[in-house]
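Residue numbers (my numbering), protein chains in the order written: chain A, 1 to 280; chain B, 281 to 623; chain C, 624 to 906; chain D, 907 to 1259; chain E, 1260 to 1612.
A hint or two may mislead.
[Unchecked claim] Below, a list of computed lysine-lysine pairs in the DSS-like style, where the Cα atoms sit at most 25 Å apart:
1) B:K476 to C:K767
2) B:K513 to C:K767
3) A:K43 to B:K513
4) A:K43 to B:K584
5) B:K433 to C:K767
6) B:K421 to B:K295
7) E:K1363 to D:K1083
8) D:K1076 to E:K1363
9) D:K1076 to E:K1426
10) B:K581 to A:K43
Read the hints as simulated data drawn from the structure, not as lab findings. Nothing here was measured: the structure is a model prediction, and the numbers come from that model.
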Amino acid sequence: MSATTAPKPFDRPRFLPVFTGLFFVFMFAPIVIVALFSFNSTKSLQRFEGFSLMWYQRFFEDSSLRESLFASIEIAFVTMVAATALGTMLAFALVRARTRWAGTANVLMLIPLVTPEIVAAVSALVLFTQVGLQLSLETVMIAHITFSISYVTVVVRARLAALNPEVEQAALDLGATRWGTLRLVTLPELWPAIVAAALLTFALSFDDFVLSFFTTGESPQPLPVRIYSAIRFGVTPTINAIGTMMLTVSAALIALAIFLPRLLGRRESGLGVLVGREGA
Amino acid sequence: GVGNSGGGSKKETEKVVKAKVDGDLVYFNWSEYLDPALIKKFEKQYGVKVRQSNFDSMSSMMAKLRSGNRYDVIFPDQSFAPKLIAANQLLKIDKSKLKNYDNVWKFFHDPAYDPGAEHTVPYGLYATGVIWNEDKISGMKGSWADLFRTDAKGKIYMLDDFQECLGMANLRHGFDLSTVDPDEIEQSKQMLIDQKPLLRGYSTDDIQNMINGNAWIHHGWNGDVVNLRNQVKNPESYRFEKCKEGIPVGSDTMAIPANAEHPGTALLFIDFMLDPENASQNVAYFGYPMAVTGAEAAFAKIAKDDPAVAITVDDVKNGQQFANLTGKDKALWDRAWTEVKAA
Amino acid sequence: MSEQRFATTLLIPGGLWLLLCFAVPLGLVLAASFGSTDDLGNTIYGWHPDNYRQAFDPLFVPVLLRSVGYALATVALCLLIGYPVAYYIARYGGRWKHMLIALVVLPFFVNYLVRTYAWVAMLADEGLVNGAITNLGIRDSGIKFLNTDFAVIGGLVYGYLAFMILPIYAAIDRMDQALVEAGKDLYGTPWNTFRHVTWPATFQGVLAGAVLVFLPAVGDFISAQLLGGPGTYMVGNLIQQQFLGADNWPFGAALTTLLMAFLSVWMVLYLRSAARASRETAL
Amino acid sequence: MSAIRFEGVTKRFGNTVAVSGLDLEIRPGEFFSLLGPSGCGKTTTLRMVAGFEQPSEGRIFLEGEPVERVPPYHRNVNTVFQSYALFEHLNVEDNVAFGLKRRKVDTGEIRSRVAEALALVELEGRENAMPRELSGGQKQRVALARALVNRPAVLLLDEPLGALDLKLRKQMQVELKGIQREVGITFLYVTHDQEEALAMSDRIAVMEDGEVRQCGTPEEVYERPEGPFVAGFIGISNLLPATVENGGVRLPSGQRFPAPVPGECADGSDVYLSVRPEKIWLDESEDGMVSVDGTIVERVYVGTTTQVIVELSPGVRLVALEQNAARQRSDDRWEIGQRVRLNWHPEHALVLR
Amino acid sequence: MSAIRFEGVTKRFGNTVAVSGLDLEIRPGEFFSLLGPSGCGKTTTLRMVAGFEQPSEGRIFLEGEPVERVPPYHRNVNTVFQSYALFEHLNVEDNVAFGLKRRKVDTGEIRSRVAEALALVELEGRENAMPRELSGGQKQRVALARALVNRPAVLLLDEPLGALDLKLRKQMQVELKGIQREVGITFLYVTHDQEEALAMSDRIAVMEDGEVRQCGTPEEVYERPEGPFVAGFIGISNLLPATVENGGVRLPSGQRFPAPVPGECADGSDVYLSVRPEKIWLDESEDGMVSVDGTIVERVYVGTTTQVIVELSPGVRLVALEQNAARQRSDDRWEIGQRVRLNWHPEHALVLR
Ligand SMILES: Nc1ncnc2c1ncn2[C@@H]1O[C@H](COP(=O)(O)OP(=O)(O)OP(=O)(O)O)[C@@H](O)[C@H]1O
Ligand SMILES: Nc1ncnc2c1ncn2[C@@H]1O[C@H](COP(=O)(O)OP(=O)(O)OP(=O)(O)O)[C@@H](O)[C@H]1O
Ligand SMILES: [Mg+2]
Ligand SMILES: [Mg+2]
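Just need the whole structure built from these sequences, with the hints factored in.
Here you go:
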């Protein structure tokens, strides 16, 4: 009865799970630290000396920090709305328009994605000063929207390309006008991708530093910029508190982007869409 | 750079103000740069509300003013005060209305940044020097040369600030702190470049660098030493020296914008802050000395009676203050600094 | 057809925006790079190649090379770390796949500055890690992590790893599992099968990942700023300083243009593979 | 009046001609199939009727009306797509109701008609299922119901059973045929499976390279194919090269016998002689039959029948089909290598060019 | 010694049992098919032989050797995957050479054997084509050559023709069978197409729910199916409910007649009587035949044959298959609604429980 114990399946590399485990430790260690020390009862960033919410309290008492928080949210929101709208339209055009134009645009629109942020930031700064635009939250928004558009487009385009054209034809065939088809079939089929793109855009914009750093005016400045100056001139755990809060926000958004479509009974998750892959 | 935009007329900077409550106080300052308890005390004492808001940099303060926000009391530093004065944005302060004005050190009755102290009253004082950890290294010579000690190689930090660094080199060379002589700047630049092999890095976070042991010797600010000592188990090991070649000294000021709505309350508040008792309490809180006679003790106390950290009238007298560089001069310093960092 | 025209018109808003806010500014930077500054540090447009001459000054060339070196090291490390992780998640993630890949992207949405600063706190000479090392008696003196080349590269890896993992994950996940089995079935040992089947089949993903990491890494300045020492200055820091510290925009613009020119090679590489990919998904 | 009429319809994509010079008339209520190999233009033809493509030349008439100007959503036809093309985000009921809602039918009627349609395809009770929860066969039924519920003049089906597995396909063929009889709607049915076409259709148009090679009842296209392509595409054609000789044909072997030679074949012209395998009797004959001898080279048992492959002369092979109906089974009767005589009635032979 | 032997092999995935208690012996050189509906465990069985899955219980022997310790790449078997699984980045030649290279065969021999294999599948001249340039049928051939070139002891094929269209599939069936004869390698062939299995296999194992329901030659499983499932899955089973009555059966209609009742069926026990459609003669009979009367309700012409569906009593239907071999065609003979008599030989009837 040698076979009473089932033999192991062959070559599951044993080191892989271990390695992956270590990887996650590496990724999350600093985040844990941040979260932990945001509850420290003293200024120390080396020794944890008891739980307290003082740093959160400090944050909310500091009017200029509060302004910065609202500024960041405002920027991220406007960016999300504008970029999602523009990006989605662009995606449609790129997938549907058979012109040679669209062909080239299809590739060109990827360039912003692969342009180092500092280059984008510098050119935005130069642009604004050239057209004599006072640096302000608006300028930050413009910069953020610019780099977010391509992002949205890529995500939505992938989904759109994967969409079976026969589904839309079925709608036409069943008496839906072009507009009706768009409204009743295409958008509903696309929306997991759009939601994902929107939320991720928000998250990206919300804690983007480089672009904001170059294009923001005087106060209120976006939160990441404040974090930067705080880090340069003596950190207080207030930064950790901010970081932890931003983490929670982003995490919530990502979770939303990933699982919302699932919860609403779609096969593909926003993340699947994000990594250009459908389904589980 | 910030220009003289948004100026007011000379006229309105000279209107007469009585030192009596004429409404709530609209207060505009760095965050954590004044003891909240004193605010409460002031409110109680005069039966007014203090409406606080904070700025995160001098330029953002300027921006707020420029964009027409109206405050009653603001805290410009020595290099921005002259701009505001030149732009007629600060109210003339009638010293006779301030009971405690005599407590202000005589030196500040006629500072370089505000001749005759017509528009400002001094607030926090700070100086740049050398911080070190006595447990790690000793035998400091009270000279900028200590930043070049080969036996601390890889444990020395310079402030990541072009003015402080080049200024240090200038002082060590015996040049004027803010020299704009290309040859002298060239030499200072070279000195900094030669120093690099000894350095661990450039950083403005002297407190953390000292605490976490990356630094034994740190080019830094006296106020930070005080904060530093409050965060460690062995405060006495963290020392500060004011170098004999001379040190950069700076001060913040209290001032009343020309468009203030409640200048009377503002005067009362300034006077309130000059009261030795209140000043002492504030010094104890924010860790910088104030140019108020009677507050020295308070600082000495938090400075663990370390005269080195304290700033005396003499320090201020023979200390030097950074000039506000512009145009070619700034370009000269910038280029030098760029080359230092890139080298 | 009408639908065609409709689609083409949709091209306008986004396209116009990208043109005005992305293409045009790049042009302006190019123009500025030939300019000079007046006494107040304002840019005067003109035709002065000096900025480029200055960029190739022996003083700055090392900075440029260092940036590229760091970026390449970063790509290598990201690949070394990212491939196995992506492979494990895609192959053996099972129903946790989505959870795991989500965990991979999550840290990437925590503010990069804060994360980096946390590393500083942990890796300081007397920080948590070194504390552990000395207390556990692994070494009697701590290790100098910070303000070194490794610290900067580490920071870059930490910051951009996700860009490497996602495309590789997608490639492996998209790959037909049967191919691996075919490889084994045809006498390929696990290593052989990886080498001759999996790797070639996922190479496009690796390429994409490499570019997506390399491009931002070359231009990064935060890592060097927060983790670097006196000798870790990168082109990003240089540019940053020209624009936000020293008011010498033309020089900064010249550096930016050079950077962009150098990177365009890689971009073309990436765009070609991306175009191919989109063609394949289209079919 | 015909349900659909094609008048010289041609469709070009760039320089590939998908459909050329199509003239067809489909009668109301008939089950009409387009049969042909992949790429022959079946789908394109269908899409032109639905309005997803416009003819490059010629005209299409639906119930006598020309439709160039009519957009898909105003045409009284519905399509069952090969991919089903169900709306993933709607449940079964809403999928089926989609068309009616677009036409503003009032809710009460919608409900009843949807229920009726679902009953027709035997999906009562699955109203609230989401498409992804359905099996292939069920999806197929939903797609069918979604189209039928609108009572179109013509129903277009593009290989609707293509994605189902053999067993299920055969079952659905019967159901589909039954449904069509029941509702009496004109079906235009695309397939490349000749058995399917034969079993289901009233008439079949066999297409090749965008052209209709033959159009007629299953019997016509199977028993009297016009040309080798049709003969070969529908079933085993058993082509023997031959030459026409005074009213009959002559095989290379020199053997002669009568065959129904079409008028246009002059004496001496090279032709193919084709005999359907089931028409060939092995070692049995009735008077009037013609016969050739050969050797059995292969024997394939497929349950109901056995294919016996006989070689007449090197390279020249005929397949004979023997139903396994006899008391003792045929493959006991025939041994590989055995000599046999093949007999068939002259009128069952075809002369093709 | 058997090529493959399964001893009580069971495979569980979580709590779904994919294969349970499998005992099989596959002889060297035979063409053995696993036939069954989707999800019955065919692929799993194959994968366990290849070594991609490990049995949860029981043992597998290849050429007498147990293989639980032998990884896939050391097993002397090769697989032809349903998806072909060709290496997209290698051309045809390198795909085929892959296995030989891994085993360090020297280049000269590799070249000759690859050429030989490609000749076998009639792909000479396409050596340098990339997979994406090939048609489905050609891909299929490359996959086959890639496996055959290694001359494995056993070749595993998982629905290798599943992706091809009907016409091509029929053609490849013949070729595949031919190749197997030629190379004489043991084929373990997975399919859910019963005609394919019948036409190609030496022996067939019919599976359901992970268990083998019957294993035997095509004739055995078709003519003497053990149980309704096998009877129904392979061809039309024509089941009539009946009860055993002294050595024969009695239909609900009250009619009685002889049938080969298996010993274990006691009198009065309920059974099914099954007669294959081709065994039923309409209005013709020989002596010794039993017969029932009915009404023709449907007639399906499929070219070679016509299915005549006859209703005996409401709901009880039999399908009779008539080969269209007669002089005048059958569907002229049979009209819907006509009364007919169905005759069959008692030994062709099956009694199933
Ligand atoms: N949108 C298109 N653009 C270009 N060529 C096309 C297009 N649609 C079809 N064709 C071409 O027209 C010809 C007929 O295509 P069609 O789809 O009608 O064939 P089919 O009979 O449906 O084939 P299948 O049985 O594979 O579906 C093919 O050569 C095809 O390549
Ligand atoms: N990796 C797996 N994990 C979980 N369940 C599995 C796995 N592989 C197969 N199964 C289950 O085992 C059973 C048998 O699967 P298998 O693929 O062997 O069936 P099959 O006969 O090949 O079906 P098909 O004809 O559709 O290929 C099915 O119920 C299937 O869901
Ligand atoms: Mg088609
Ligand atoms: Mg299978």
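So, going through the hints one by one against the coordinates:
| no. | hint | verdict |
| --- | --- | --- |
| 1 | B:K476 to C:K767 | holds, 17 Å |
| 2 | B:K513 to C:K767 | holds, 23 Å |
| 3 | A:K43 to B:K513 | holds, 13 Å |
| 4 | A:K43 to B:K584 | holds, 19 Å |
| 5 | B:K433 to C:K767 | holds, 13 Å |
| 6 | B:K421 to B:K295 | violated, 52 Å |
| 7 | E:K1363 to D:K1083 | violated, 58 Å |
| 8 | D:K1076 to E:K1363 | violated, 49 Å |
| 9 | D:K1076 to E:K1426 | holds, 17 Å |
| 10 | B:K581 to A:K43 | holds, 20 Å |
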